[in-house]
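2 protein chains.
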Amino acid sequence: MINAVGRDIPQNIIEATKKEVFKGAYAFDNYEYTKAAPKVRAVCDPKRSKLVENIHEALVKCGVKDNMTISFHHHFREGDYIVNMVMEEIHKMGIKGLTICASSLGKAHDPIVPMIEDGTIVGIQSSGVRGKIGEAISTGKLRDLAIMRSHGGRVRAVESGEVHIDIAFIGAPTCDEYGNMKANGGKSDCGVLSYAMVDAEYADKVVAITDCLVPFPNAPASISMVHVDYVCVVDEIGNPAKIATGAAKPTTDVRKIMMADYCTQFVINTPYFKEGFSYQTGVGGASIASTISLGKIMEERGIHMGLGLGGITTPMCNLLEKGLIRTIVDTQDFDMGAIESIKKNPNHIEISASEYANPFNKGAYVNKLDFVILASLEVDVNFNCNVVVGSDGMITGAQGGHPDTAAGAKCTIVIAPLLQGRIPAICSNVTTVTTPGETVDVVITDYGIAINPRRQDLIDCMKDVKLPFCTIEELRDRAYAMVGEPDPVQFGDRIVGVIEGRDGTIMDVVREIKAYEFQD
Amino acid sequence: MINAVGRDIPQNIIEATKKEVFKGAYAFDNYEYTKAAPKVRAVCDPKRSKLVENIHEALVKCGVKDNMTISFHHHFREGDYIVNMVMEEIHKMGIKGLTICASSLGKAHDPIVPMIEDGTIVGIQSSGVRGKIGEAISTGKLRDLAIMRSHGGRVRAVESGEVHIDIAFIGAPTCDEYGNMKANGGKSDCGVLSYAMVDAEYADKVVAITDCLVPFPNAPASISMVHVDYVCVVDEIGNPAKIATGAAKPTTDVRKIMMADYCTQFVINTPYFKEGFSYQTGVGGASIASTISLGKIMEERGIHMGLGLGGITTPMCNLLEKGLIRTIVDTQDFDMGAIESIKKNPNHIEISASEYANPFNKGAYVNKLDFVILASLEVDVNFNCNVVVGSDGMITGAQGGHPDTAAGAKCTIVIAPLLQGRIPAICSNVTTVTTPGETVDVVITDYGIAINPRRQDLIDCMKDVKLPFCTIEELRDRAYAMVGEPDPVQFGDRIVGVIEGRDGTIMDVVREIKAYEFQD
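Going down the list, the protein sequences come from chains A and B.
Per the numbering used here, residue 36 is the first one in the first sequence, and the count goes up by one each step.
Per the numbering used here, residue 36 is the first one in the second sequence, and the count goes up by one each step.
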């Protein structure tokens, strides 16, 4: 069945997943459903302790068994030790058939690939995967379909009952004996625990894992004891050096700086750039450069941001410190500057991933965005974006908040260099659709800027603005003129993954990669 | 059927309520159940507004209809305008058969009594009732059984699905257009919104009512927009002068001061009085005097409270300011000093009523109490307490956190003058059991102190302590010797209310009051 972004979703996948195909970014507005709910065991005897000796005891007490779904968060990013630590113990216990529902997985988790191969892990649901896990999925080693969800889509999937988490393992930089967790104050601070909040609320069993046990109460808690069954103290939950890889350095790439300047010029010429505007950027060099250049103009004109959202990096925190932002609300910290900021600045506030981006709650922060500045591996002439599958067909990225913020923001700007190496970033058809073009308003490249024809209002705004505007087709043609139109990636028949729309529909499928065969 | 506190619960009440009878304070420890869940309508179209013109429009949009259950919180206490404002509009619309599930109701709500009489309101579930609502229930005017729950019991009832709230009306001192609510920063500050948090999470429809609309985002929010359907701005949500009736004044009643001194002497001679201890008091004069006298000893001995819980008054906040308390966690503010404290002191922290006292979550704060100092209308020789029904049989009080804290604390101390006027506070049988004697460790009166024989450990601790210890029977006998044993209250046959144990069992029933008849 052809969905609303023109992708043909095979009937057997629709049947196997019991999902509908994507019908448009706002098709589920006002959709009514009954929320999911966990099984809970009451702790009303004050004499009971939640402390367990080790991960093994936690697993035994949680009743871990074959075919369960277990969950993890990715606030420790490439410094995470929790996934491997828990999976190693599960593997030793001989448990099989597990599905991992993680907010994201990265190269730090390469060690679990043998557990995919031996059937310990048969399902992966994640914002995305990188490294060897991506290769394992793309080469057909995972038994079940991998499901790639946006950050908002993951919360929706859990809260709507599409996925039920049996046991959630939550790494906590600090925790008390009763399970009150905080993201800071320990030896492996991660700034916020936003992605893990839904796991705590909806998993049947919740295990807090910490390397810094603090006196009761660890309050105010990011995640409350009322959701926590067991508390396990380990030596190290992460490698602080890799959790946040230092302050984001301003880019020196002139191409990125040029695109950032285009972006800033575009932003300030829209009607949304006014006192109290709201704004989010990704962590790409050009996005960060845009924040810096926008900050200068805000300062010159005395315009303040009312709300900075995200995925937070140091340049946003610098604007907060300067008084140019009223409030930052934060679901993820990408560098040490952001982590330090949330520790000390009361206007830098932790929120849940549901508050951030869940399309099925009663209104998320993304709905209130004026601007979001995003990157993309590929953008096609329908403004569809691909942020998960490389142009070589290998799964190597993550949806993150891309489709969520694009759907929410009044002005969604995607910055992409026209060529990524020898690969055109602007193309006729993206390898895989992750963010529907109907939610992408502007594409900024180093060779020109295309406004989505759906946004005649923005086209009108820009009619006297001196920026290199052109059509998206012109950008594609220019790219193809330079490096040629690439042959389509050759996939096998087997479908290995589903790109889920934030509303739970099928946006696209990912096929098994196959070795390139020369055409006759 | 006779329950664990010796009350005979009629079979027809067991059947009508589908409840079990009380089996002991910890009978439901480790009880497993699936949480309830609300119906939710997704707001993913960023163009939709949540603002409504008035209460009437909110009611229409929420689809109010006969026989619904609606809810309110009582943080505005005797200054609350919300209940009457909403009920007046509902009454105008001709809706009938409503059940009100409130965290508590007071004299401020006397105006709803005619709506009980005309069938607009047929059910009341509350921590307690005072004034004319209590009289209306006690004289048989309410169609359904009134259900009296502790603060923890109410959260349990909602989270377990025993009561399902169709529409929650939440008065918010400040709110933004998307429903982020805070307890402070407006013209009717109430300190915390703890009791309303479960309503926001579990009601199908949630209406935020504010008299101070603030710019988005009102963050960090006490109650998040993700739970809120509509936002309604009204002129006044409460009368600030009655929300908090000024700083609690230290009592000058020598009898209360003496009991407070007994209490402090008792506390400091237990093994629990040590660095980092946890503590809660009620708001009675003797309880507050105990806090003050205990504070002096803490200061002399250099002992710090790790956790102050409650129901907060100025004397607790003063100890926090002096550095004698590490953290106060707060579910209700009883005076202006407490409200000012939570605004300015980062170690004074708002928690949910579930975190405070819910016996069916994975561990509440009450479980971590070393001491709780409580008052009681009556205590009987089995240490059972009555805090809801007056000795004249009229409903006139509230469970509050009484049974919750008593069950949680290592040392539960009840302070009661031996005589309340001409009525013995220590008696053979309380009029109605609200808190089971198995959870009450010590009763302090102006004529002597009785330790529950179950607590041989505390009796041993006190063997060299110079306090007027005696048995509870001796206290009862002394009271009866002074004023005579009162005739039992004469009730009618009809049962008008149920005192629910915090675990949802039937602790006791309340019968219709009848005019006193002289015996032959």
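Since the hints were derived computationally from the structure, they do not count as laboratory data.
These numbers come from a predicted model, not from an experiment.
Take these hints with a grain of salt, some might be off.
Each pair may be met inside one copy or between any two copies, as identical chains are not told apart.
[As the list claims (entries may be wrong)] Capping the alpha-carbon separation at 25 Å, the derived lysine-lysine pairs in DSS-like fashion look like this:
(1) K127 x K100
(2) K357 x K379
(3) K131 x K58
Hints the structure fails to honour:
Structure breaks hint 3 only.
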